Amino acid sequence: MLLQVQSFPQSNGLAEVSVKTVKRLIQKAVINEEDPCLALLSHRCTPGTDGYSPAQKLFNRHVRSLLPRLQLNQTDTEKPNRSKWYDHGAKSLPDLEIGDSVRLRFEKHWEKKGEIVEKAVQPRSYIVKTDEGNHMRRNRRDLLKTKEKFTIEDYVELSDDDCEPGPIPFQNQTSAKDTSLMPNTNTCNNNSVADNVSKNLNDFSKASKSGRVINRINI
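Residue numbers (UniProt numbering): 1 to 219.
Just so you know, the hints here were simulated from the structure itself, not pulled from any lab data.
One or more of the hints may lead you astray.
Said to hold, decoys possible - 27 Å max Cα-Cα, derived DSS-like pairs, lysine-lysine:
1) Lys-108 x Lys-57
2) Lys-84 x Lys-20
3) Lys-112 x Lys-91
4) Lys-149 x Lys-112
5) Lys-20 x Lys-129
6) Lys-149 x Lys-108
7) Lys-91 x Lys-57
8) Lys-84 x Lys-112
9) Lys-91 x Lys-147
10) Lys-28 x Lys-91
11) Lys-145 x Lys-119
12) Lys-147 x Lys-129
13) Lys-119 x Lys-108
Just so we're clear, the structure is a prediction, and the values are computed from it rather than from any experiment.
Generate coordinates for the entire structure from the input sequences, incorporating the hints supplied.
What follows is the structure, given as structure tokens:
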């Protein structure tokens, strides 16, 4: 089963914001001709939304720095406020049932077809069987319910009978005694050709109806 999270940078948002913050601190320290280590130390000693700083989580104590500390009563009023504005204008998508035909989003395109097999343990996630036979776990926002008929494509490998014989490469040789020819080999889509063929060939060549070049041998 393939687990994919595409076009959803929010899943790694905390790490991305941390990298951005550190880069800005170093840039400002260089511009102001200050020590970047002091800027990073102040950043590590700054408490987060949970009331603990990164240094305090690591060492289980406060680290001495130039940053003043003020004890405040932590309240939970900030989180509902942010959630209210984040969900402003948003609505919940309807749930999907087992057996529903859906389209899967890949890089902003709804090209792959699939069918809901089961509901995943993760919230708002479903196990989808694609038309290629693969099973994927996708979020509800990446699934579009359709009325299309779901069918699994059959992939049949090409046999030797389906391969057309390709052109025979020739090579002029100075020796007239060597009259041996390499056997002709069938090729698929003209991707592979036979090895060296040693024999003086006629300059005259002819093409078949399919466009394949026929080289005549002067015996």
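Do the hints match the structure? See the list:
Distance hint between Lys-108 and Lys-57 is unfulfilled; the C-alpha atoms sit about 39 Å from each other, more than 27 Å. The straight-line distance between the Cα atoms of Lys-84 and Lys-20 is roughly 25 Å, inside the 27 Å bound, and the hint therefore holds. Distance restraint check for Lys-112 and Lys-91: the Cα-Cα separation of roughly 25 Å lies within the 27 Å cut-off, and the hinted pair is therefore satisfied. Distance hint between Lys-149 and Lys-112 is fulfilled; the C-alpha atoms sit about 13 Å from each other, no more than 27 Å.
Distance check on the hinted pair: Lys-20 and Lys-129 sit about 38 Å apart at the alpha-carbon level, beyond 27 Å; violated. About 22 Å separates the Cα atoms of Lys-149 and Lys-108, which keeps this hinted pair within 27 Å; it holds. At most 27 Å may separate the alpha-carbon atoms for a hinted pair to count; Lys-91 and Lys-57 exceed this at roughly 37 Å. A C-alpha spacing of about 34 Å is found between Lys-84 and Lys-112, which places the hinted pair above 27 Å, so the restraint is violated.
Restraint check for Lys-91 and Lys-147: the C-alpha separation of about 23 Å stays at or below 27 Å, so the hint holds. Simply put, Lys-28 and Lys-91 have alpha-carbon atoms about 40 Å apart, too far for the 27 Å limit, and the pair is violated. At roughly 15 Å between alpha-carbon atoms, Lys-145 and Lys-119 fall within 27 Å of each other, so this suggested pair holds. Proximity of Lys-147 to Lys-129 is assessed by CA-CA distance (about 16 Å); at most 27 Å being required, the pair is judged to hold.
Pair hint Lys-119 plus Lys-108 holds up; C-alpha atoms about 23 Å apart against a cutoff of 27 Å.
Hint violations for this structure: numbers 1, 5, 7, 8 and 10, all remaining hints satisfied.
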